Amino acid sequence: MMRASPARIALYVVSALVLVYLILPVLIIVPISFSSARFLTFPPPSFSLRWYQQYFANPAWMQATRVTLTVALLTVVIATPLGVAAAYAISQSKLRVMRLIHMALLLPLVVPIIITAVGIFFVYARVGLVATMPGLVLANVMLGLPYVVISVLAGLQSFDPAQEMVARSLGMNRLRSFFAVTLPQIKSSVVAGGIFAFISAMDETIVALFISGGQYQPLTKRMFTALRDEIDPTIAAISTLMTAASFFLVLLATSRQGKKT
Amino acid sequence: MLALVSPALLVILALIVLPVGWLAWQSIYHDGFTLENYHRVFTEDVYWRSFALTFEISLAVTAIALLLGYPVAYLANSVPKGWSILILSLVVLPFWTSVLVRAYAWLALLQRTGVINQFLRYLDVISEPLALVHNTFGTVVATVHILLPFMVLPLYATMQKIPSDLMQAGASLGASPSLTFMRVFLPLSLPGVLAGCTMVFVLCLGFYITPELLGGGRTVMVSMLVSRNVELYNQFGAASAVAVVLLLSVLAIFFVVSRFISLDRVLGQK
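Residue numbers (this note's numbering), protein chains in the order written: chain Z, -3 to 257; chain P, 970 to 1239.
Please note: incorrect hints may appear among the correct ones.
Claimed, not checked - Only some residues are given here: those of chain P computed to face chain Z with a beta carbon under 8 Å:
1) Val980
2) Val1041
3) Leu1059
4) Val1060
5) Pro1063
6) Arg1071
7) Leu1078
8) Leu1174
9) Phe1224
10) Ser1227
Since the hints were made in silico from the structure, they are not lab data.
Please read these numbers as outputs of a predicted model, since none were measured by experiment.
Heads up, the beta-carbon is just placed ideally off N, CA and C, and yes, glycines get one too.
Could you build the full structure based on these sequences and the hints that come with them?
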């Protein structure tokens, strides 16, 4: 049709530049993390694992890593069942309030995170949850819920509720029919929702800045504080590991979603 | 059914509705009702300038994101499926990288001894390092980078729904490709433009990490006003009032936009 017209070539060039702009910063941290230089030099003078050693040998970074992994895991364990139950109720019920409830469950995506963070800080300060593990987990469950709800609702859309009716007419109760008939069919969307909740908890920074402290500081909070002071390539090593983890999880989630169709 | 949804609803009520309500209350009540906090927000220079700066930066970021995102979405929509999957993956992958990691990457790229300055000096284009970061420029570059996927995805979703026969009809009636684009394709893609712009603008209004780390203390956006009032000055009332004004701006934008397009379109991307 309009093969290789000047406009078309301009489109390719502009798009390629934009894609480089999108990807380059994500990739640039990898060579920096394997550099032997104390200060940022590019290209790196020689290959070294010293920043990874520094990360794994530092008790403070290790403690923060444990906090991050614990919080992310607990977030998934709590947010996934809550989100699945809510999505199921929203898709099945004809009640009018459900629309309102659906909107409420998406609030964490609408309210600017800085406002949520400060608000939670004030409430936690009153009830003694600042700098505690339960406080951190609860906040991340709230932030992760929309991802589970959105993903599972999408999964339920392609599921025919009549199948569950059949199971019930054959004598199963509602709970059993859900686990035997519905859940296996929406499994991939549940797993994807859980994975997104995990990533959201792993990457969450702003709420943690306000409510975490002492020994219960996640990686992101320590990284943020370190970035304010000086740029230490250890951060590049941690960033590379976090990015690798995110990519792996996203691939896992999307490959499962792909299987559904 | 209400029983099933109530645990999730409880979490939302306790951890976002209550905290935001608390902020609103704290902004008007301190040993009796007072509007003093709002009076400060609307009259003191520091606050005014910060709100103005935040809106300016958000507008700039939105405009740049649209200019950069539209061609990418258009290309992804007009190439064979394998290519469009590749393009969209390149758009989505940074999306799932921590914002903090990306802010760090931009620091590494833009600082005085950073990758870009070293490269330009190596090429002898410059003799003194350019001030690319710790200013508004660095903030905008990194913020656009982080928010660009929120622009591309709704644009692509909208373009996908435009039937290609319409373009062929335009061509068969004798219109040039650029005329069909301007008169047929562009108007039909406007809902996607609106959805993408809304998301980027609203997210930018409350952005915290990039201005804090890349703004060099001079680019005081509203979010930093909130955090400084809490962390440095213990001005909880003032922080709350700023937060309420910010939230109301965001809700007002969503409300106006929802008159034109469904909000699912704006929110359902991530």
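Results of checking the hints against the structure:
1. Val980: 5 Å, holds
2. Val1041: It holds, given that the least Cβ distance between valine 1041 of chain P and chain Z is near 5 Å, below 8 Å.
3. Leu1059: 5 Å, holds
4. Val1060: 6 Å, holds
5. Pro1063: Cβ of proline 1063 of chain P sits 5 Å from chain Z, so the hint holds.
6. Arg1071: 6 Å, holds
7. Leu1078: The hint holds - leucine 1078 of chain P has a Cβ within 8 Å of chain Z, the shortest such distance being about 6 Å.
8. Leu1174: Status holds, d = 7 Å.
9. Phe1224: At 11 Å from the nearest chain Z Cβ, phenylalanine 1224 of chain P fails the 8 Å test, so the hint is violated.
10. Ser1227: 11 Å, violated
In summary, the numbered hints that this structure violates are 9 and 10.
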